[in-house]
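S.K.: Modelling step: build the complete structure from the supplied sequences, incorporating the hints.
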Amino acid sequence: MRTNLVRGLLLALLTSAAVLATACDKDGGAPSDPRARVVDAWKKGGLTPSALTAATVPVGKDCQSGTVGAIDVLLCVYPSPEEAKAAEEPGLAWVGDTTGAAQAHGTVLVGIADRKKSDPSGRTINQLMKLARN
Amino acid sequence: MRSIVLVPFVLLAALAQPADAGRGKQVRYIGIHPVPKSHGGGLCYIEGPHVHIFPANKLEYRDHVDHHYFVGDPVAYGYDGPRYAYKGHHPIHVHAVVGDDHEDVEFCYLDGPHYHAFQPPPAVEADFELVGDAYFYVAEPPQAYVTARPAMVKVNTIYKPLVYTRPVIEVEPPEGWIGVRFAAPAVVVERPAAAVVTPGIRAEIAVPMPSISVDIGLGAGIVVHDRPGVYHKHKHHKHKHHRHKHRKHKHKKWKRR
Chain W
2 MRTNLVRGLL LALLTSAAVL ATACDKDGGA PSDPRARVVD AWKKGGLTPS
52 ALTAATVPVG KDCQSGTVGA IDVLLCVYPS PEEAKAAEEP GLAWVGDTTG
102 AAQAHGTVLV GIADRKKSDP SGRTINQLMK LARN
Chain D
4 MRSIVLVPFV LLAALAQPAD AGRGKQVRYI GIHPVPKSHG GGLCYIEGPH
54 VHIFPANKLE YRDHVDHHYF VGDPVAYGYD GPRYAYKGHH PIHVHAVVGD
104 DHEDVEFCYL DGPHYHAFQP PPAVEADFEL VGDAYFYVAE PPQAYVTARP
154 AMVKVNTIYK PLVYTRPVIE VEPPEGWIGV RFAAPAVVVE RPAAAVVTPG
204 IRAEIAVPMP SISVDIGLGA GIVVHDRPGV YHKHKHHKHK HHRHKHRKHK
254 HKKWKRR
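These protein sequences, in sequence, are chains W and D.
Counting from 2, one number per residue, gives the positions in the first sequence under my numbering.
Counting from 4, one number per residue, gives the positions in the second sequence under my numbering.
Quick list of in silico lysine-lysine cross-link-like pairs, DSS-like style, CA-CA up to 30 Å:
1) D:28 <-> W:131
2) W:131 <-> D:61
3) W:117 <-> D:61
4) W:45 <-> W:131
5) W:131 <-> D:40
6) W:117 <-> D:40
7) W:86 <-> W:118
8) D:28 <-> W:118
9) W:44 <-> W:117
10) W:62 <-> W:86
11) D:61 <-> W:118
12) W:131 <-> W:117
13) W:86 <-> D:61
14) D:28 <-> W:117
15) D:28 <-> W:86
16) W:117 <-> W:62
17) D:28 <-> W:62
18) W:45 <-> W:118
19) D:163 <-> D:61
20) W:118 <-> D:40
21) D:40 <-> D:28
22) D:28 <-> D:157
23) D:157 <-> D:40
Hint data in this document are derived by calculation from the structure and do not stem from the laboratory.
These numbers come from a predicted model, not from an experiment.
M.R.: As structure tokens, this is what we get:
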């Protein structure tokens, strides 16, 4: 009886450890939420993204938008990388008639639109896209 | 009253406009490329797929998976990143440059010394020779290169007036360089005294008769035949002849080659 109890406790401990392990990244600090991971990568790269707010856009159901400098950003999370990839076209529609990009990185679609023409050389957009990829 | 009369015309005018009138159309790009002066000029440094609302020209861009990929010299437009010198025409392994799996080999038709932001990928290292810090293409080009060449060499007319620091390549081109094998002479020269200097090859020809017709584009070459006094310069399929005395002879001679 006592043995069963110990076994149950051990199992619960192991399950909790596994859950914690999947929630944290290898390096310990990175968030497990794919969207937060992108924002974190931007911050670590020296960029200053604003707080993201829920966005109702025809790109996906779980989207949040904000800015990095004067550049509009949209981060949508999908159940699978394939669905994120398929959202690139609607993502480009969100970009609209301006310079921008919409690229899937894993389960996240990263949309970037320079509507205020604040990045004529595209260097910030390039940095945003490259950091999101990592 | 006047307003009522104008209404049908206004409606007609509105219908005649396309749905997206007044809006720029998205154009897809991949990799760095110049920005037209009308849109601010300079260079766009976005390496991945992206969109702009300005079009790309046909001479400086190639299609890569429905995106425009720039094959010109970015330094001419103010590029300030790492650069590699090339001389003459050469292939560009676009998939290696942009880092995707869609194999795509395009050709750069820029004559003479120019820059790119990339080196030839290791997989095709043998097709290039690095001499004097410049890459020379020394492999056999595909037929597609030859076919497209007459149209694509027109890209040089874009670069000719551009003022920028081109690479200085003073070494002799290696054996097998495309600029030697495919440099195209276009004109038969009747024993002239001529010094022809092209970006790729320096050829000095001394002949007594002062009759010359030289139509040398950038990177065009000159072929000196065994027959004394007959110099046959050929530029693709376009022949230009001035003050030529052996019209009947010249094409037969060229065809035999």
